[in-house]
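Chemist: Spelled out, the chains give:
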Amino acid sequence: MQIEKFKSISSTNKKAKEMSNLGVAPWTVVVSEVQENGYGRKGEAWYSPKGGLYFSIILPRGNIDDLQIITILAAFIVAKTIKESFNVEPLIKLPNDVLLNGKKICGILTENVIGSDVKLSVIGIGINTNIESFPLELKDIATSLKMELGKEVDNTELLEKIITELKNQFKIISE
Amino acid sequence: MDFKIKIKNKEYQIELKENCGAVKIKIGGKEFVFGSNKGSLIETSSIKKDSLNKGIASSLSGVVTKIFVKEGSHVKAGNKFLTLSAMKMENEIVAENDCKIKKILVKENQQVKEGEILIILE
Chain A
2 MQIEKFKSIS
12 STNKKAKEMS
22 NLGVAPWTVV
32 VSEVQENGYG
42 RKGEAWYSPK
52 GGLYFSIILP
62 RGNIDDLQII
72 TILAAFIVAK
82 TIKESFNVEP
92 LIKLPNDVLL
102 NGKKICGILT
112 ENVIGSDVKL
122 SVIGIGINTN
132 IESFPLELKD
142 IATSLKMELG
152 KEVDNTELLE
162 KIITELKNQF
172 KIISE
Chain B
319 MDFKIKIKNK
329 EYQIELKENC
339 GAVKIKIGGK
349 EFVFGSNKGS
359 LIETSSIKKD
369 SLNKGIASSL
379 SGVVTKIFVK
389 EGSHVKAGNK
399 FLTLSAMKME
409 NEIVAENDCK
419 IKKILVKENQ
429 QVKEGEILII
439 LE
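Read top to bottom, the protein sequences are chains A and B.
In terms of our numbering, the first sequence has 117 at position 116, counting the first letter as 1, and numbering is strictly consecutive.
In terms of our numbering, the second sequence has 376 at position 58, counting the first letter as 1, and numbering is strictly consecutive.
The shape of chain A in the complex, shown without the other chains:
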């Protein structure tokens, strides 16, 4: 598993797209402790302070239908991994969010660059793991695993479990 780690970058999706353009291999993972300008669908900001898990994966070239399936599957995989790892009951809010106790805990954004065919695709996943508090405008709609569990979680372990599962699922749907 090739993981490129950063302390702080603008956005893991942005970095993954740049790297893919430079020919970096599929399934390379970009992870950053902080995202200075993390974003979700329609460019909406994604709160990304230290403590959270923010990563993007360069996806293999696929057709647009497979890419849509992997986006939806990613939400299931994140929810399943959180449920099994921490014995909680996350809720999937299709297509791109995972909630815990009614508040957002994870957001997923797949971005494709399309010319005459799909040039590159990245999937970005942001999980509120060890975030201790949220700003006023988010505190009613967002939560973190640390806030819900009362203890820190291992970001690296969670990251590796999710990527392994995503790779397996992608293999299945591409066959």
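These aren't lab readings, by the way, just hints derived from the structure by calculation.
What you are looking at is a predicted structure, and each value in this text was computed from that prediction instead of being measured.
Hints are not guaranteed to be accurate.
[What the hints assert, rightly or not] Below, a list of computed lysine-lysine pairs in the DSS-like style, where the Cα atoms sit at most 25 Å apart:
hint, chain 1, residue 1, chain 2, residue 2
1, A, LYS120, A, LYS43
2, A, LYS15, B, LYS421
3, B, LYS406, A, LYS162
4, A, LYS15, B, LYS406
5, A, LYS43, B, LYS425
6, B, LYS425, B, LYS398
7, B, LYS406, A, LYS120
8, A, LYS81, B, LYS394
9, A, LYS43, B, LYS388
10, B, LYS384, B, LYS394
11, A, LYS94, A, LYS168
[As the list claims (entries may be wrong)] Just a few of them, taken from the derived set where beta-carbon distance is under 7 Å, the chain A residues facing chain B:
hint, residue
12, ILE65
13, THR111
14, ASN113
15, SER117
Every residue, glycine too, gets a C-beta built ideally from N, C-alpha and C.
Following the hints, complete the assembly by docking chain B onto the known chain A.
Modeler: Same frame as chain A, now just chain B:
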């Protein structure tokens, strides 16, 4: 591949092309596209076909979220024409080659269908 067939003494000019996994068959003025993964036969109208030569067709249904080019502007290969929010994903539609924008047929926040022409190039 070009060839002719004769049915009931009438001769038809056939043009057969394979592109990105789809097979295009042109008979007379009409064009048919057989998508290998969908297994369906889609007739593309001759108007769309003419525009397709210099037009950028949407490869998926969705909403145009942002347009980055203006009519008359030059766009370099790889640069963005627009972004489409579609199928739960954000999609950057980029120029395949260096080109000049003749006409933009869509607006921001407009819903577009798969195959719809978004931009015409000079």
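Chemist: Compare the structure with each hint and give your call.
Modeler: Right, here's what the structure says about each hint:
Under the criterion of a C-alpha separation no larger than 25 Å, the hint pairing LYS120/A with LYS43/A is consistent with the structure, at around 20 Å. Restraint check: the Cα-Cα separation between LYS15/A and LYS421/B comes to about 29 Å, which exceeds 25 Å; the hinted pair is violated. Taking the CA atoms of LYS406/B and LYS162/A, the gap is near 24 Å; set against the 25 Å cutoff, the hint holds. At roughly 18 Å between alpha-carbon atoms, LYS15/A and LYS406/B fall within 25 Å of each other, so this suggested pair holds.
With a C-alpha separation of about 16 Å, the suggested pairing of LYS43/A with LYS425/B holds against the 25 Å cut-off. Distance restraint check for LYS425/B and LYS398/B: the Cα-Cα separation of roughly 15 Å lies within the 25 Å cut-off, and the hinted pair is therefore satisfied. Between LYS406/B and LYS120/A, the direct Cα distance comes to roughly 18 Å. Compliance with the 25 Å bound is thereby established for this hinted pair. This hinted pair does not check out: LYS81/A and LYS394/B have alpha carbons roughly 43 Å apart, beyond 25 Å.
Simply put, LYS43/A and LYS388/B have alpha-carbon atoms about 21 Å apart, close enough for the 25 Å limit, and the pair holds. A C-alpha spacing of about 18 Å is found between LYS384/B and LYS394/B, which places the hinted pair at or below 25 Å, so the restraint holds. Between LYS94/A and LYS168/A the alpha-carbon distance is near 22 Å, which keeps this suggested pair within the 25 Å criterion. Contact between ILE65/A and chain B, as hinted, is supported at the beta carbon level, the nearest pair being about 6 Å apart and thus within 7 Å.
Satisfaction of the interface hint for THR111/A is found here, the shortest Cβ-Cβ separation to chain B being roughly 4 Å, below the 7 Å cut-off. Against a cut-off of 7 Å between C-beta atoms, the interface hint on ASN113/A holds, since the closest Cβ of chain B lies about 5 Å away. A distance limit of 7 Å between C-beta atoms decides the matter here; for SER117/A the minimum to chain B is near 5 Å, and the interface restraint holds.
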